[in-house]
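Modelling step: build the complete structure from the supplied sequences, incorporating the hints.
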Amino acid sequence: MKKLLVTFVAVVLVLSGCSLLQSGPTAEDITSEAFANLEGMDYYDYEFSFGGEMTADDEIVIFSVEYVGQQDNTDVAKPKFTMAVDVEVSTEEFENQTMSGNMLSDGEYLYFILKEISDFNEELPAELVDMFKGQWYSLSLDDETLGGLSPFTTFSVAGGENMTEDQKELMKLYEDTEFFTDVEFVSVEDGYDVYTGALNREASKQFMKKVIGMQGIPLTGTEEEGLDELMKSIELDVTMYVDKTENTLAKVTGSMIMTDLNGVSGNFDFSMEFTNFHTPVVIEVPENVEEFDPMMIMAMMMGVDPAMLEDSLMMDGVDVSTIDGVEIENIVEFGE
Numbered sequence: 403m404k405k406l407l408v409t410f411v412a413v414v415l416v417l418s419g420c421s422l423l424q425s426g427p428t429a430e431d432i433t434s435e436a437f438a439n440l441e442g443m444d445y446y447d448y449e450f451s452f453g454g455e456m457t458a459d460d461e462i463v464i465f466s467v468e469y470v471g472q473q474d475n476t477d478v479a480k481p482k483f484t485m486a487v488d489v490e491v492s493t494e495e496f497e498n499q500t501m502s503g504n505m506l507s508d509g510e511y512l513y514f515i516l517k518e519i520s521d522f523n524e525e526l527p528a529e530l531v532d533m534f535k536g537q538w539y540s541l542s543l544d545d546e547t548l549g550g551l552s553p554f555t556t557f558s559v560a561g562g563e564n565m566t567e568d569q570k571e572l573m574k575l576y577e578d579t580e581f582f583t584d585v586e587f588v589s590v591e592d593g594y595d596v597y598t599g600a601l602n603r604e605a606s607k608q609f610m611k612k613v614i615g616m617q618g619i620p621l622t623g624t625e626e627e628g629l630d631e632l633m634k635s636i637e638l639d640v641t642m643y644v645d646k647t648e649n650t651l652a653k654v655t656g657s658m659i660m661t662d663l664n665g666v667s668g669n670f671d672f673s674m675e676f677t678n679f680h681t682p683v684v685i686e687v688p689e690n691v692e693e694f695d696p697m698m699i700m701a702m703m704m705g706v707d708p709a710m711l712e713d714s715l716m717m718d719g720v721d722v723s724t725i726d727g728v729e730i731e732n733i734v735e736f737g738e
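Residue numbers (my numbering): 403 to 738.
In short, the hints are calculated from the structure, not lab data. Small disclaimer: the values here were computed from a predicted structure and weren't measured.
Label pairs and their in silico Cβ distance ranges: (1) Gly-509 x Leu-575: 23 to 33 angstroms; (2) Val-691 x Lys-574: 33 to 43 angstroms; (3) Glu-494 x Glu-567: 42 to 52 angstroms.
In silico EDC-like links for lysine to aspartate or glutamate, alpha-carbon gap of 20 angstroms or less: (4) Lys-574 x Glu-435; (5) Lys-517 x Glu-468; (6) Lys-570 x Glu-441; (7) Lys-570 x Asp-444.
Beta carbons: idealized from backbone N, C-alpha and C, even for Gly.
Written as structure tokens, this is what we have:
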């Protein structure tokens, strides 16, 4: 299972890079312009689905992930978006396990709610889930939180004047990377010009290396070898639909085959669709919102009430307001 999870994360990273859909100077002029125009759109609705089957050591995981929402790109310093998330996972041990939730931002706060989650055959205690489920939480959109929202805050030129230097550097990297090769016009379908292409492995690998390096964590030799093996194991083909009226990207579908990456293989399909390019996003802030407390994560891991945990730490002289991820990890290990 650990091998499957590690490989799954790597696959999602590859598709995340591909989903930026930046065409380089050698791509067809019309697709290059369509990609650029999508970046420049102030608003759009989106639907993204990704699913498939992975196999490792005779263990099979079948999964599907779907994101549906709206995006406001007018100000990258104050991102506005809505997102509904639905996830379904099945294994031999855990069949038809699901999770659903919502996330939104009004430019000042990030709001999120866990609507439903399976109990994984009662391995996830109901009393712990009930601490989170059905309650809206908020986080202030400070610099640290914005960093975790990079897909919503760095990939837009509509609000480019508000970009930080790091965001501009990242955007330039996307624009200069040719994620796809052999881009060809194939047909006209439902008012769309349709193009096909395939993954540019080397460009995608260099893109991932540079993005990781920009975070101050360059790959080790072993990790770089693992990235090389990942790219060699992947076959990815895409079909791109260009809206001729808007002259922008309207839809992308694709399939990916991963062959024997350290004993892990898989077949995946994905789809992204963009509509309502000129409809402003209306954010409805939820009612009865609670400020998110990181102690809740610790409490869930340790199986105790968040308030009791915080009181205990304060009694021991620990300032919970200054606890970072490493310190939290150490406390959890000590508690075990």
